[in-house]
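Asks: Given next are the chains, with one letter for each unit.
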Amino acid sequence: MVDRVAEPWGTPSPFARQGRWPARVDLHLHQGIEPQDVDRWVKSACVLCSNGCGLDIAVKDGQMVGVRGRADDHVNRGRLGPKGLFGWQANASPDRLVAPLIRGEDGELHATDWETAMSRVVERSSALLQESGPSSHAFYNSGQLFIEGYYTLALITKGGIGTIHTDGNTRLCTATAGQALKETFGCDGQPASYADIDHADTIMLFGHNVAETQSVLWARIRDRLDGANPPRLLVVDPRATVPAMRAEVHLAPRSGTNLALLNALLNVLIAQDRIDRAFVEAHTVGFEELAEQVASMTPERAAEICDIEADDIRRAADLLGDAKALLSTCLQGVYQSHQATAAAIQVNNINLLLGMIGRPGCGVLQMNGQPTAQNTRETGVDGDMPGFRNWQNEAHMKELADLWNVDALKIPHWGPPTHAMEIFRYAEEGSVRFLWIIATNPAVSLPELDRIRRILAQERLFVVVQDPFLTETARLADVVLPAAIWGEKTGTFTNAERTVHLSEKAVEPPGQARPDMDIFLDYARRMKLTDKDGQPLPPWSTPEEAFEAWKACSAGRPCDYSGMSYDLLRSRSGVRWPYPAGATEEKERLYEDFAFPTDPSYCEDFGHDLVTGATFEEKDFKAVGANGKAILKPAAYAPAPETPNDDYPYLFTTGRTLFHFHTRTKTARARQLDRAAPDVWVELAPEDASREGIEEGDLVEVASARGSIRAPARLTGSRRGVIFAPFHYGYWDRAADSPGTNDARAANELTITRWDPVSKQPMFKVAAVSLSKIASGDGRAAPAPTNTASAPPGRVSVPTVGGPDSEVVETLDGLT
Amino acid sequence: MAQALQDTMDAETSLIHELRRAGDRHVVDHDVVSTCQYLAERTKVRLVALENALDRYGGASDPSPGWDTLLSAPRKAVAKARVGDPDAAVGLVEDLRSLYLRAQEVFLDWSLLKQGAMALRDEALLGATKENIPEVERVSRWAKTRVKLAAPQVLGRPE
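Just so you know, the protein sequences line up as chains A and B, in that order.
One point on numbering: in the numbering used here, the residue at position 403 of the first sequence is 403, and numbering is uninterrupted.
One point on numbering: in the numbering used here, the residue at position 5 of the second sequence is 5, and numbering is uninterrupted.
Not the full set, but computed from the structure, chain B residues with beta-carbon under 10 Å of chain A:
1. 34
2. 35
3. 85
4. 87
5. 139
6. 141
7. 149
8. 154
9. 156
Worth flagging that the hints you see were computed from the coordinates, not collected in a lab.
No residue lacks a Cβ here, since even glycine has one placed at the ideal position from N, Cα and C.
So here's chain A without its partners, still in its complex pose (with noise of 0.2 Å):
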């Protein structure tokens, strides 16, 4: 038995470069339930990172009790994380949503009946159609929902409303990860898999602190660097994180920076002429360009802008320079930073031009953060179009259209479907009067809340909320619509490495919440939704159905699923796409032939300025000539937008912690996750605390020209001149619904309304703030947690540790 709160990552099983994985089957169970007391198992994958860790339910008694890890999937042979090992207790918390709110005349939610509730949906929807035409709605979604669900939405929002404004959360997530994959590539799709991490001899994790945000990927990459042949490590982030602890180059720039560290190791890398030439000549385009571009970022240069050695810059470009296969990751230390999809698209620079890519060990994981932010990103209800089909072009459009058998003028597509922010700022200027939103809690998770709360507290805007819980953002709502979760419904989703696993029901839901999918159905009945022919539109009614609707879609496309079926997926665990009709074997990765899906015919995006964000049209794209090359686009450095000044001295980045996952709805409902950080913190760097006269533990206020919080400060091996706070803690556990001066907390108070040209993902990585000690903590240490990037330097007094209810069972290669 293994504590797996003190110990995350579980019991190391060592393997060599080119070997096996070794299985290690987590099994975790309800204190008092024995492996022989459970009734079923039954096959899901987890939910609570990008990783999609195939695993099995234990059912007693119709109440889930446990999860076990499944040995045959290739995501995770047999691991689970903390998060899955105990997060499924959410399920069963008490203060499930169990039906259906309705905001009454006083004021105040009231629970009601779906009759009740959807009648009020369907009268203010229908009305406000009326009134002002299908951009008067807005549907933000979620990384949370099955395809099934995704796909439904889809298709009611753009086939049958109409209207354009539709986008996923994944915008704070994934959308750069999509957008660079896109510039680089002609289309989505993750090249790499994480059988690379097996092959690679050198692994680059730039901002992507996986140990925490995917830790059984981590578990992955230790379990090789414990290993025969181990792979070198290069690590970019501004904390001491976990991986940075292992790496043999660890960089930690100033926040803001990264596109000029990016563009110094291109630089060293060419001027070394350390690139395969022949690759770079033979399949890509626009080298000659991004030569030129980063020929003026030297080593020196990006070393002063980014406050660290210049010598370190050359150590780290040596290392990818020496690569045989090298593997690169990032996550939303890039996504979430200034220059989000610039930078991220040189990280496929460095691969294009080492011509590591499409081999074994060789490739590119940019990652999602989110376990279905990939199926939003494919069906379309993010700011893409289904299919990965190109909105500006009229041939993918109608092949949408006479698949859902409605006028292609039906379908809006005069631009691409409305990012997040731009649809909270039509909420904000009154043009957007209908919000529905689903899985997803904007009251905390979008910057600069009080502006959020403003927005959604107003009374012109109709507000929707679909979720299981009654969370920040559904006490401002109209109407809150009870969902099914995770276990209490079927479907399928896709990890950030396309492997796609079936969740099968295991559960019944709790009183009269229903499965995301049902919902959106029972709005389109009611509103009369119908295709050219008078036909219920959308045509499904079953989970397997709008799969099969799913995988027509996709079919021809780069994402084709229309070689699977449920049973497929029964009979597997976890299959990868393309899996087009008649296939029999997956493919490990994109591009083994370096065809690169940049046809103008069949792209799914044509690009843009990545300075400005202007789109390309057809005769832009055609007159880059790509025709099945990858492009390589520069980019220039620019400052962010909020630097460090006299009143707000200092840089403030938000993040995760291991044991949370987005606002807690989930992970704060299972004690162990909750005990091992149960409340909000700083981290402040040693030599900053000293300077302020702050000790670990002492109470402090971070405060930005948007606002403020107050939080016990910990001290850790972050940079100088950098502040820390995870953005999962809100209000819903505390008295107030909002928050007054003193006991504000979440990260995103702080945060700035500003967002990548090109991705459109908000900022969270940059913002100015000042820091000042409110009280002392009289000795006691910080609430944050001591086994991770959190940890503080030297001795820690009080271990993160988990106790009785936190032991799992670990069984490694067959032995227990």
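Once you have looked at the hints, place chain B on chain A.
Replies: Frame of chain A, contents of chain B only:
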């Protein structure tokens, strides 16, 4: 040639003015603010290049109508778009539309300078045009993208 350079400077000066006006006016459209600020800074760089060229063509002694005066003059107070006003979107469309047209004028002026530089075999000016024309195209490309996104929200409402 001096006149052509002066005309281009005048057009660029008007462009800066419009960029600043749009940025000042649409404070609640955060991408418009940041992009206009950035593009205005880039426009200043182009004006310096034009001024250097004008020096060589003997036009420097007559800076009227004087872009530097215009730039240093106190910026006229503009009616700021209000946070909750749907009509602000109409103003945004108008401002982006005129920004696009102004950028097109600047683009044409620079294109004429390029023609002149080729006819005169002026390599320095030719280099400047090659460097700066893509920057001017960037302004119109962005204004066009942005106005095309903003317009349907205004025009798409039933009468």
